[in-house]
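Student: Protein chains in written order, with this note's numbering: chain E, 1 to 160; chain W, 1 to 389.
Be careful, since some hints might not be right.
[Stated by the list, open to error] Below, simulated SDA-like cross-link-like pairs (lysine to any residue); rule was C-alpha separation at most 20 Å, straight line: (1) W/Lys-53 / W/Pro-109; (2) W/Lys-279 / E/Leu-54; (3) W/Lys-277 / E/Val-87; (4) W/Lys-378 / E/Pro-33; (5) W/Lys-277 / E/Pro-33; (6) W/Lys-9 / E/Val-28; (7) W/Lys-9 / E/Leu-58; (8) W/Lys-279 / E/Leu-58; (9) W/Lys-53 / E/Thr-47; (10) W/Lys-230 / E/Pro-15; (11) W/Lys-277 / E/Arg-98; (12) W/Lys-379 / E/Leu-58; (13) W/Lys-279 / E/Val-87; (14) W/Lys-379 / E/Val-28.
[Unchecked claim] Chain W stretches covered by chain E per the calculated footprint, using a threshold of three residues with CB under 8 Å from any CB of chain E: (15) 49-57; (16) 316-329.
Honestly, the hints are just simulated from the structure, not real lab data. Quick reminder that beta carbons are idealized off the backbone N, C-alpha and C, glycines included.
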Amino acid sequence: MATLTAPRAVARDLPPEYAPVPSDQKRVKTTLPQEYRDQPADTPLATFLGLFSLGLGLWEVLAPRDVAHRTGTPYPALVRGYGLREVAAGLMILGSRRPAAGLWARVAGDALDLAALAAAYAEGNADQRRKAAETAAAVLGVTALDVVCARQHTFAHSTC
Amino acid sequence: MKALVWHNKGDVRCETVPDPKIDDPRSMIIKVTSTAICGSDLHLFDFYVPAMKPGDILGHEPMGEVVEVGSQVRNFKKGDKVIVPFTIVCGPCWFCTRGLFSCCDTTNPNEALARAAMGQKPAGLYGYSHLTGGYAGGQAEYLQVWHADASVLKVPHDIPDEKVLFLTDIFPTGWMAAENAGIEPGDTVAVWGCGPVGQFCIRSAWMMGAGRVVAIDRVPERLKMAQDGKTETINFDEVTVYDRLMELTKGRGPDRCIDAVGCEAHHTGAVDAVYDKAKTLVGVGTDRAHAVREAIMCCRKAGTVSIPGVYVGFPDKFPLGAAMNKGLTFKMGQTHAQKYMRPLLEKVLGGEIDPSFVVTHRLPLSEGPAAYKTFRDKKDNCIKVVLKP
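Here chain W stands alone, though its shape is the one from the complex:
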């Protein structure tokens, strides 16, 4: 089959690889009908996430049609249309039974590596380095779906792929970020980053009762997409974010701050951002953490900072003193996708939201390598790429 294969930093290729086989009776094989490139794939592409190996298949936002089921799979049969969330979960472990699916205790086989890097091991993830299990990803023609009964959701055949595809990751991620922010009716919510996750954070914040949403980015088409609603925007190339947020909130600061940027923040004018860039260029830094630093400084006292953006290592100059003395609450984490996918599917089916608004490119798998660069470099007005294997 064809698949997008990681070879090195900035080097992803569309190659022929062996077809997957069922080697666990709880797994099944799907023929991938749609699969997306996620912003966090770019961290792998740029080798910010260590523990990638040449030959790894990327992709953690796939959906498709079941073509073969293992002997212990009960809930699915050949021909079912399914979405495959990026987290692989077992179902009965301590964490899964509490809805903390991205912390599943059993699906990440690389415990030693994960413990060395993080203290404990998170759940296994598709196509997301050997820190999270080294599972083959879904940017491919076929995918072995692990722990199918616990992990996967069946969707109606008559609904277009792009309306449900983002239940695999970015819609639940945006929703959980807004939920983690603890939004109360009337709150002012500031969202750093208007990429795909940021766009879902914005819409989720509105759906949870925010009184005002302010989106921060510098890419015109992303700000425009955020502005399609009544969201106010800040272009950080034009104004100082802190000053503008204080102006908008009369010096109080946003009640809830969401960092949907993560470890590859851009900012040309800030000293800390230039320092981060220099460190990562010469290989002695792991994260460019300007967005979360700014969110902490801007957040109102006793407010909340929610972090759906991916961080990978040891960012420094973290203003913990400001966070402590202002009494901020932090919530973050990989998304417990299985907790949200079914209720959010109901919202999609009920017409409350059409997640396909975020799609700007629909491309064949063969254009995947170029799509990675186009998406990363924010060219061609690219916000979200869906690949059709």
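With the rest of the complex left out, here is chain E:
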């Protein structure tokens, strides 16, 4: 063992206000409240969905006509509004320690997306119908991920 070097000379004792608290007066908690024990683990899926929401939302806000054209929906103004919703959900997920609210907001948003796609399918021509159907399939896939992740963050229990 190497030679130990003593700390600097102490100029003074701790102020009396820092006097040790007698052990019988100390209040140390020996259990956590149930709400803290039931916190789910963070998941990479939530982070992915948050980033996905943010990216998709920005695309919808900045280029609504492009999105509308690619998805077969004739409602660019609605697409821009949905983009704002996606951005808000992404920020809720990424910016919060408890992302369940943002994830459920995404699930609700998915339902709105599907409703808009159904309307576009009903009104559209053959090309628009094909694009709307393909988009709806993709939205359903993401919806499944959203539901799984939202449930994990709402109902999951301690990992121990």
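Using the hints provided, position chain W relative to the given structure of chain E.
Tutor: Then chain W, alone, in the frame of chain E:
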């Protein structure tokens, strides 16, 4: 045995893992009796420190009872009560012989990885990613203690664990931070962060002769703990830290500034903090460095900035121009725990300080995963968690 195992960002689990075995004759096995969660564990938990692998056992503030010793261990025997500092040191290398234990040259086997990240390799650390050796940590029922004779300190059986447990890290860290600040009698010392290390910085500053200590945080119970003495406090959610410090020091600035926050600083009102947060959220930033930036701007000319808070990567917008033109001195680093643990033990045994003041939660190991989140999110008035395996 049971241990707290890192799986992913924000995902630590209490799991059954293989018991440790002595695979180096200089090592020994301890049965862990107390082990704490450190603020720097949260950087691992939140995956700010890269090079974590699923399955890594966390924890670098353990103590316990020796249950088995290797054939070359001379200073310890079965039944000894020991504290295990977070730094693993060899003893005879160039750095160890100069008391620079956290720079030990021989205990970090992952030289290539560490050199790529830092230029040189620091010492091996328990439970602190593969950048520092990938050693299994002490939040477990048993721990293999490496280089026992050089690294570990025996403590009396009759002293409660919580009075000596923090000699493993946070008390020496707070002390070294205050020492690095170069405090002279009468100095005004500002401490950013009133977490456990900040609390020991505050007390160490007083013990070294500070004339005035100002603590900066926004968590009420942490400010209250700092205020239990005569420390003045600044809640950064209520006032502008720079303005308040200038007001307190008549425009001169604190003589010594200590950043006990590190890479996960919070601040809702500052542009640089929002920018850092956005960058780290999308994975293009490594550190949220608001505290050290503010310390540099607030420090008086020719003052000292001491950094015990952990930084991991490449923080930007670092006001080096201010630091240079004001002639600031910087000192920082992982703590040379072995240099301080014995003299500080004497202070504890002599009744000069009872480090257990900082403990707010004493929990079974099984509650470790929830305790990580509670501590990180500053819920339930949580300041320091001690786990009892």
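Student: Is W/Lys-53 within 20 Å of E/Thr-47, Cα to Cα?
Tutor: holds (19 Å)
Student: Decide if the proposed pair is consistent with the structure: W/Lys-379 and E/Val-28, CA atoms, cutoff 20 Å inclusive.
Tutor: holds (14 Å)
Student: Given the proposed pairing of W/Lys-9 with E/Val-28, does the C-alpha separation stay at or below 20 Å?
Tutor: Answer violated: W/Lys-9 to E/Val-28 is near 28 Å, above 20 Å.
Student: Hint check: W/Lys-378 vs E/Pro-33, CA-CA at most 20 Å. Holds or violated?
Tutor: Distance ~13 Å between W/Lys-378 and E/Pro-33 Cα, so the pair holds.
Student: Holds or violated: are the alpha carbons of W/Lys-277 and E/Val-87 at most 20 Å from each other?
Tutor: Measuring from Cα to Cα gives roughly 16 Å; hence the hint holds.
Student: If you draw a straight line from the CA of W/Lys-277 to the CA of E/Arg-98, is it 20 Å or shorter?
Tutor: holds (16 Å)
Student: Hinted pair, alpha-carbon criterion (20 Å max): W/Lys-379, E/Leu-58. Please report holds or violated.
Tutor: This hinted pair is violated, its Cα atoms lying about 34 Å apart.
Student: Please work out if W/Lys-230 and E/Pro-15 have their alpha carbons no farther apart than 20 Å.
Tutor: holds (7 Å)
Student: Please verify whether W/Lys-279 and E/Leu-58 have alpha carbons no more than 20 Å apart.
Tutor: holds (17 Å)
Student: Between the alpha carbons of W/Lys-9 and E/Leu-58, is the straight-line distance 20 Å or under?
Tutor: Violated, at about 26 Å.
Student: Counting residues of the stretch 49-57 of chain W that have a beta-carbon nearer than 8 Å to any beta-carbon of chain E, does the count reach 3?
Tutor: violated (count 0)
Student: Between the alpha carbons of W/Lys-279 and E/Leu-54, is the straight-line distance 20 Å or under?
Tutor: Holds: W/Lys-279 and E/Leu-54 sit about 14 Å apart, inside 20 Å.
Of the numbered hints listed earlier, those contradicted by the structure are 5, 6, 7, 12, 15, 16.
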